[in-house]
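Asker: Respectively, the protein sequence lines represent chains U and S. Okay, so the first sequence: first residue is 1 according to our numbering, each after it adds one. Okay, so the second sequence: first residue is 1 according to our numbering, each after it adds one.
No lab work stands behind these hints, which were simulated from the structure alone. Since the model is a prediction, treat every value here as computed from it, not as a measurement. Using N, Cα and C, we set each Cβ at its ideal position, and we do this for glycine too. Treat the hints with care, as some may be off.
Which bits of chain U does chain S cover? Going by a derived footprint, with three or more residues having C-beta under 8 angstroms, they are [what the hints assert, rightly or not]:
1) 4-12
2) 47-55
3) 94-101
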Amino acid sequence: MHFGLSEEQDMIVNTVRAFVENEIYPHEAMVERTGQVPLELGLEIKQKVIDLGFYACNFPEEVGGAGLSHLDFTLVERELGRGSMALTHFFGRPQNILMACEGEQKEKYLLPAVRGEKMDALAMTEPDAGSDVRGMKCQAQRDGGDWVINGSKHFISGAEHADFFIVFVATGVDDTPKGPKKRITCFLVDRGTPGFEVREGYTSVSHRGYKNYILYFDNCRLPDAQVLGEVDGGFAVMNEWLYATRLTVAAFCVGRARRCFDHALSYAAERKQFGQQIAKFQGISFQIADMITEIDAADWLTLSGAWRLDQGMEANREIASAKLYASEMLARVTDATLQIHGGMGLMDDFPIERFWRDARVERIWDGTSEIQRHIISRDLFRPLGA
Amino acid sequence: MKVLVPVKRVIDYNVKVRVKADGTGVDLANVKMSMNPFDEIAVEEAIRLKEAGKADEIVVVSIGVKQAQETLRTALAMGADRAILVTAADDVHTDIEPLAVAKILAAVAKEENPGLIIAGKQAIDNDMNATGQMLAALLGWSQATFASEVAVDGDTATVTREVDGGLQTVKVKMPAVITADLRLNEPRYASLPNIMKAKKKPLDEKTAADYGVDVSPRLTVVKTSEPPVRQAGIKVGSVDELVSKLKEAGAL
Ligand SMILES: Cc1cc2nc3c(=O)[nH]c(=O)nc-3n(C[C@H](O)[C@H](O)[C@H](O)COP(=O)(O)OP(=O)(O)OC[C@H]3O[C@@H](n4cnc5c(N)ncnc54)[C@H](O)[C@@H]3O)c2cc1C
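Next comes chain U alone, as it looks inside the complex:
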């Protein structure tokens, strides 16, 4: 067993960290204040990332990506986690589900996405179907040789800049012994398709500037050519490609927690009360000890999940554990950091209040903590017939 980074991995980490510190940090306060990333800035960041060869680095070399392993890519995500998500969105990691593109879809979606010419967004969630993805109401019906979609999706991230959307839609119902079960199909939908509308969503407490949108489908007509994967095979593509995205959440949490922790550590070493540094109070220093222990634990859990994927090993439960633990760890670390900063922690002079707010969504998206616990426990009990 070997726990060190290779020279390449070390350089990847150093480069991405330097990029985030120099190209992302300086704009964060503005994004927080305005709740918006100016498009020119986003495009400037994107171009720099393209020039550095990091754009779409999660894609294989055959399609123009950098062919990073899961482990290498997780290191990239971890360093990006330090920075504002609204800004690092332009660091460009298209959904790897696009690898399911076939024939002309490759020229139209996959390759432009990897080159940074087109941006994507992914839409599963609906007002009435969150954790219960299969409960979705948005549906497509056959009409002639086409599909006609009706319904809506909400909480869709990245929609602001997306040129096309990867949308999961119900395309029928099967009767099973456990009751009716919806068949799901994945569609590629271009912005501007008649009957398809993108509207600004809610204002979220987490990740200001990284907005969520609502998608409306009103008799939106799509040909078969827009189906990603097989008709009724939506769950198959989802399971094949979206399986690992939970690791990116875990990696984000670890990177963010480390940045937050540095603030906690230096503030505790500098702030004086009762004539001494507050780090001298065990009530503070022990919190610091717990924080770093949890951060390291989450880091290793996350990296080992990525490593398992690279080895072709089963990783579903491990990835769920990483996502669960890292996101809950981040909540505790940001909360404790805020506490260590006292009242100043709540003020926007420090980034702490923002880290604390941002952390909240990590336990919700990409499968809530409860859903991760469900996955973990089912994995353990299923073989026991319980």
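Model the placement of chain S with the ligand on the given structure of chain U, informed by the hints.
Answerer: What follows is chain S with the ligand alone, placed relative to chain U:
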């Protein structure tokens, strides 16, 4: 033309330096180390010369502990072509003094015959600001230190130097030693393809003994201490109070 760039592995500029309890130096165990920032600028300048068609090969060399290999890989990932690692110490706390470094670099230069050596003006650990100058003297080459602009034309280099209160432009005949100042350029990030290529680039491993250079220290560090802690300021309530406080402090 070949450009030789010496690079030093130093404590990362972001790290808060801690003096060892016995005062013999600073603590380097488990501390993040990086390429000396001025050397990064030197590497960048060499790459720009190559991109401009003025140089055709960039050789980077580092002298120190084995771990300096990481620093060399970083230079290779930025765009250098080849690296030479000269191991001259086992303990990360051993600092090789400028004269020994200059002697080894002079020996490397005699083997490599570069048209230009671009070094950082100083390393941010000991701030000696001596290696480039000593190297030029040992080789009998021209030198242009504190460069903020370099233009190479034929066998001369025109170098703008940052001097107290202004800029000085000098023309030096090559081969020459140039040392880079902060404003010479902004070093690039290593691109991902170059990071992946760095491992395949040649890295020669040598020792100080290979060059017949004695690296044992000539200098004795008597004491290392933390900079004095800055006294807290005071707030004054009025102009009169300000004036009287300034008088008290002898500033008026
Ligand atoms: C800012 C933001 C951005 C998002 N971006 C996207 C996006 O780009 N694309 C996309 O498709 N989705 C996106 N989502 C949706 C996100 O994935 C969902 O919010 C998440 O899956 C939870 O669904 P829900 O919010 O409807 O909660 P619900 O599913 O309604 O859950 C409510 C509560 O019930 C619990 N619960 C539900 N089922 C169970 C169970 N079986 N056992 C125990 N507890 C249970 C949940 O854990 C939760 O605590 C985003 C969400 C947010 C907040």
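Asker: Now tell me, hint by hint, if it's right for this structure.
Answerer: Evaluation of the provided hints:
1. 4-12: This one holds; 5 residues, not fewer than the three required, reach chain S with a Cβ under 8 angstroms.
2. 47-55: Answer holds; 4 residues pass the 8 angstroms Cβ test.
3. 94-101: With 0 residues close enough to chain S, the hint is violated.
When the structure is compared with the earlier hints, a violation turns up for hint 3 alone.
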